[in-house]
Amino acid sequence: MNKKILIVEDDFIIQMYLEDIVSEMNCEVVDTLESSNTIENILKNEKVDLILMDLGIRGERDGVDTAKFINENYPTPIVFITGNSDKTTTQRIEEVNPLLIVFKPIDEVQLKFQLTAILKNLN
Amino acid sequence: MEVESLTKQLTSLKEENRKLTEKSLRYEMLFELSEDAILVIEDNTFTDCNHAVVKMLGYKNKNQFLNTHPSELSPERQPDGQLSFEKAQHMMELAISNGSHRFEWIHTKANGEDFPVEVWLSAIKYQDRLLINTIWRDLTEIKKTEAKIQNSLLEKETLLKEVHHRVKNNMQIITSLLSLQANTNNNHAIKEQFNACQYRINSMATIHEMLYQSEVFSKIEYGSYLQQLITHLINSIKGVDNNITLHLQSDDINLNIDTAIPLGLLINEIVTNALKYGIKNNEAGIISVRLDKVEDMHYRLEVGDNGVGISETNNSTTKKTLGLKLINRLSSQLRGKFERDNSKKGTHYILNFTELIS
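Protein sequences, first through last, are from chains X and A.
Here the first sequence stands for residues 833 to 955, numbered as in my numbering.
Here the second sequence stands for residues 5 to 362, numbered as in my numbering.
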């Protein structure tokens, strides 16, 4: 069965790029969000195997705050994708226990390889 | 005769006395009118001071605050958390044991306002008494300026960080667009061309990424950069389960952005060629890169592969591929000497170059 992946990313080109990567891996994109506003609705009603989460997203909550909310209410594995690689940010992200942190610029081959391994382990 | 001699003695004594009084008055004036704030400490107490101190503290006259322990003209604690009384005792002890002692201190004005001073204590033995001559310098303005400079520096650092961050993000968007476009196409040769563009952009984006992470924002540690750049190329071109070994040697070399970018692009071209044409398909191979500092500002780069060796019957400047054109342009931008090293198996190049100053 195809894995269902939710993408949270505010840049529409990166959104398309991630959607491309996910479909090339034969996974299904449940939805692509630019903010965390409607995430609760999706997690309540849909089965999501993995969330690709950008740190800087639209809306009141950033990626880390959204991840905290998900951990508490709808525990779902999260892979963080971030352009902020400074120590403070990295530490903040680590505190919400993501499966992986990917730094931009995204290494497409590496990302596919890592995601494949992660999805295999989710079984 | 005796009267005459006595008169002489008296006159000379009077003269001496007058001289002494004059000298004493002169020193009194020097002390009193000095623009430097001067105090005298005896038995851990301020016993005297000049007008500059009265003015600095904002009192009407010195009798309002003399005969106090230095901590009584200070907040309860100093910025390091120590009690002013204990710390003042310690400072005075240091001045006595070392002869003098200089430090920063927070004192309190008549109106209750705290202010920073530089204190200079000098121990003076006078007959049987031990005095400490104290000079205060008001640091209020200096501290204000320091804070302003610090703020402005912080602001510039934040801005610079933001710029690198945005440049990198924009480059990520460009490579994403190229990737999306490449994936609409089934022609392998066209896809490869898009890939080559992505590698070039990535070689620059990685530099901005590292500058954003670095503390200084002007230089990057080149060894870590090369590790990241070349590993990315190997994974992208040969796949994650490849048979390529990277031998990288670079001893703690930091290069500025003006040098890092053309050098990164140049190495990107050579390694891309090595992975595409030098080491065929899934064959095992070694990419070796070595960067050495020859002397100040001068470096030597060796880069190559142990593959089949690219034939080079033509002079490289007349070659048509964009990769080689770029290599030639970039090496002249680095004011470098680029040559092929035919002593080893495969394809190897040596570049002697200079760090560019903007």
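Hints listed in this document are in silico derivations from the structure and should not be mistaken for laboratory results.
Computed from a predicted model, the values in this text were never measured in an experiment.
Even glycine gets a Cβ: it sits at the ideal position worked out from N, Cα and C.
It cannot be assumed that every hint is accurate.
Below, a list of computed lysine to aspartate or glutamate pairs in the DMTMM-like style, where the Cα atoms sit at most 20 Å apart [as the list claims (entries may be wrong)]:
hint: 1; chain 1: X; residue 1: LYS919; chain 2: A; residue 2: GLU166
hint: 2; chain 1: A; residue 1: LYS195; chain 2: X; residue 2: GLU851
hint: 3; chain 1: X; residue 1: LYS952; chain 2: A; residue 2: GLU39
hint: 4; chain 1: A; residue 1: LYS66; chain 2: A; residue 2: ASP118
hint: 5; chain 1: A; residue 1: LYS165; chain 2: X; residue 2: GLU860
hint: 6; chain 1: A; residue 1: LYS147; chain 2: A; residue 2: ASP118
hint: 7; chain 1: X; residue 1: LYS836; chain 2: X; residue 2: ASP881
hint: 8; chain 1: A; residue 1: LYS195; chain 2: X; residue 2: ASP939
hint: 9; chain 1: X; residue 1: LYS944; chain 2: A; residue 2: ASP118
hint: 10; chain 1: X; residue 1: LYS944; chain 2: A; residue 2: GLU166
hint: 11; chain 1: A; residue 1: LYS223; chain 2: X; residue 2: ASP918
hint: 12; chain 1: A; residue 1: LYS242; chain 2: X; residue 2: ASP939
hint: 13; chain 1: X; residue 1: LYS879; chain 2: X; residue 2: GLU892
hint: 14; chain 1: A; residue 1: LYS160; chain 2: X; residue 2: ASP918
hint: 15; chain 1: A; residue 1: LYS195; chain 2: X; residue 2: ASP852
hint: 16; chain 1: A; residue 1: LYS59; chain 2: A; residue 2: GLU90
hint: 17; chain 1: A; residue 1: LYS242; chain 2: X; residue 2: ASP918
hint: 18; chain 1: X; residue 1: LYS919; chain 2: A; residue 2: GLU161
hint: 19; chain 1: X; residue 1: LYS919; chain 2: A; residue 2: GLU159
Beta-carbon label-pair distances, calculated as ranges [what the hints assert, rightly or not]:
hint: 20; chain 1: A; residue 1: GLU108; chain 2: X; residue 2: LYS919; range: 26 to 32 Å
hint: 21; chain 1: A; residue 1: THR188; chain 2: X; residue 2: ILE874; range: 44 to 50 Å
hint: 22; chain 1: X; residue 1: LYS919; chain 2: A; residue 2: ALA114; range: 31 to 37 Å
hint: 23; chain 1: A; residue 1: SER228; chain 2: X; residue 2: GLU856; range: 28 to 34 Å
hint: 24; chain 1: A; residue 1: GLY116; chain 2: X; residue 2: LYS900; range: 44 to 50 Å
To see whether the hints hold, each was checked on the structure:
For the hint linking X:LYS919 to A:GLU166, the alpha-carbon distance of about 15 Å falls within 20 Å, and the restraint holds. This hinted pair checks out: A:LYS195 and X:GLU851 have alpha carbons roughly 19 Å apart, not beyond 20 Å. At roughly 79 Å between alpha-carbon atoms, X:LYS952 and A:GLU39 are farther apart than 20 Å, so this suggested pair is violated. Restraint check for A:LYS66 and A:ASP118: satisfied, since their Cα atoms lie roughly 18 Å apart, inside the 20 Å limit.
Our distance criterion of 20 Å between C-alpha atoms is broken by A:LYS165 and X:GLU860, whose separation comes to about 36 Å. Restraint check: the Cα-Cα separation between A:LYS147 and A:ASP118 comes to about 13 Å, which is no more than 20 Å; the hinted pair holds. Under the criterion of a C-alpha separation no larger than 20 Å, the hint pairing X:LYS836 with X:ASP881 is consistent with the structure, at around 5 Å. In summary, the hint linking A:LYS195 to X:ASP939 is supported, as the alpha carbons are separated by about 17 Å, within the 20 Å threshold.
Proximity of X:LYS944 to A:ASP118 is assessed by CA-CA distance (about 61 Å); at most 20 Å being required, the pair is judged violated. With a CA separation close to 29 Å, the supplied pair X:LYS944 and A:GLU166 exceeds the 20 Å bound. The straight-line distance between the Cα atoms of A:LYS223 and X:ASP918 is roughly 16 Å, inside the 20 Å bound, and the hint therefore holds. Restraint check for A:LYS242 and X:ASP939: the C-alpha separation of about 13 Å stays at or below 20 Å, so the hint holds.
At most 20 Å may separate the alpha-carbon atoms for a hinted pair to count; X:LYS879 and X:GLU892 exceed this at roughly 25 Å. At roughly 17 Å between alpha-carbon atoms, A:LYS160 and X:ASP918 fall within 20 Å of each other, so this suggested pair holds. Of the pairs offered as hints, the one joining A:LYS195 and X:ASP852 holds, with about 15 Å between alpha carbons and a cut-off of 20 Å not exceeded. Only pairs whose Cα atoms come within 20 Å are accepted, and A:LYS59 paired with A:GLU90 is rejected, the gap being roughly 27 Å.
The hinted pair formed by A:LYS242 and X:ASP918 fails the criterion: a straight-line CA distance of about 30 Å is larger than 20 Å. Between X:LYS919 and A:GLU161 the alpha-carbon distance is near 16 Å, which keeps this suggested pair within the 20 Å criterion. For the suggested pair X:LYS919 and A:GLU159, the alpha carbons sit about 19 Å apart, so the restraint of at most 20 Å is met. Taking 26 to 32 Å as the suggested C-beta distance range, the pair A:GLU108 and X:LYS919 conforms, at roughly 31 Å.
A hinted range of 44 to 50 Å for the beta carbons of A:THR188 and X:ILE874 is inconsistent with their spacing of about 28 Å. The hint said 31 to 37 Å for the Cβ distance between X:LYS919 and A:ALA114, and at roughly 46 Å that hint is violated. For the pair A:SER228 and X:GLU856, the supplied restraint of 28 to 34 Å holds, since their beta-carbon distance comes to about 30 Å. For the pair A:GLY116 and X:LYS900, the supplied restraint of 44 to 50 Å holds, since their beta-carbon distance comes to about 45 Å.
Hints 3, 5, 9, 10, 13, 16, 17, 21 and 22 from the earlier list are contradicted by this structure; the remaining hints agree with it.
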